[in-house]
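Q: The residues making up each chain are set out below.
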Amino acid sequence: DIQVTQSPSSLSASIGDRVTITCRASQDVFQYLNWYQHKPGRAPKLLIFDTSELETGVPSRFSGNGSGTHFILTINGLQPEDFATYYCLQHSDLFTFGGGTRVDI
Amino acid sequence: EVQLVQSGAEIKKPGEPLKISCQGSGYNFATYWVAWVRQMPGKGLEWMGIIYPGDSDTRYSSDFEGQVTISVDKSINTAYLRWNTLKASDSAMYFCARPRDSSGFDAFDLWGQGTLVTVSS
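If you're matching them up, the sequences are chains A and B in order. Read in order, the letters of the first sequence correspond to residues 1 to 105 in this note's numbering. Read in order, the letters of the second sequence correspond to residues 106 to 226 in this note's numbering.
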């Protein structure tokens with residue numbers, strides 16, 4: 001099974017900050033890495049698929065990059081609605097979620 | 106409207122069986138995989154398994170194989186997650202989800218609203 005390590009597990013940030021979250025896979029997942037935003041009581045929301053492709057309707061302050069085993073989600077200019085937990089998910093070999101990153105004030 | 110609608114919250118006792126459902130609508134249900142994802146209280150998302158309604162091809166996470174059974178009834182556009190014997194540790198929110206693309210495994214862009222399962226004596 002592919003393992004995915006996400007860091008940090010939590011971070012504190014302020015409105016307008018630039019935030020970066022990292023996921024590392026235990027083996028090459030090529031470009032098959034996605035990012036989700038999850039708020040309590042709601043279904044997860046797809047932000048970015050295939051490493052860097054922005055899902056329709058997602059603000060451009062979200063971006064993703066990386067390849068192989070190392071991937072980064074960046075939020076440029078954190079907004080109040082961005083406080084949530086973020087997960088990466090690989091789908092190169094079945095599926096594996098990262099452990100999550102809680103972003104709070 | 107393209108959507109996945111899950112069955113309602115359940116309160117069960119340890120040892121009881123349970124089957125929860127996820128019904129798709131607004132798209133060709135038989136041609137998209139349907140996955141199940143668990144979130145235990147205060148914990149992260151965990152992929153449990155996935156089924157292809159067209160032929161019932163099913164894959165499980167090694168963490169969940171033998172613990173749950175995923176099935177489907179494509180005649181009513183519904184996927185299921187079943188436990189034969191619940192444990193308190195099965196208490197969680199369960200989501201179903203559908204990949205973006207029907208050609209295979211892909212990012213999940215469509216999610217059910219979640220089913221809260223509580224197992225307590």
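Keep in mind the hints are simulated off the structure, nothing from the lab. There could be a bad hint or two in this list.
[What the hints assert, rightly or not] Here are the computed lysine to any residue pairs in the SDA-like style, where the Cα-Cα straight-line distance is at most 20 Å:
hint	chain 1	residue 1	chain 2	residue 2
1	B	179	B	128
2	A	45	B	198
3	B	148	A	28
4	A	45	B	210
5	A	45	A	26
6	A	39	B	147
7	B	192	B	162
8	A	39	A	79
[Claimed, not checked] Covered by chain B, according to a simulated footprint, are these stretches of chain A (three or more residues, beta-carbon under 8 Å):
hint	segment
9	46-57
10	82-95
We treat Cβ as the ideally placed atom computed from N, Cα and C, and that holds for glycine.
Q: What are the numbers of the hints the structure violates, in ascending order?
A: Checked against the structure, the hints that fail are numbers 3, 5 and 7, while the rest are satisfied.
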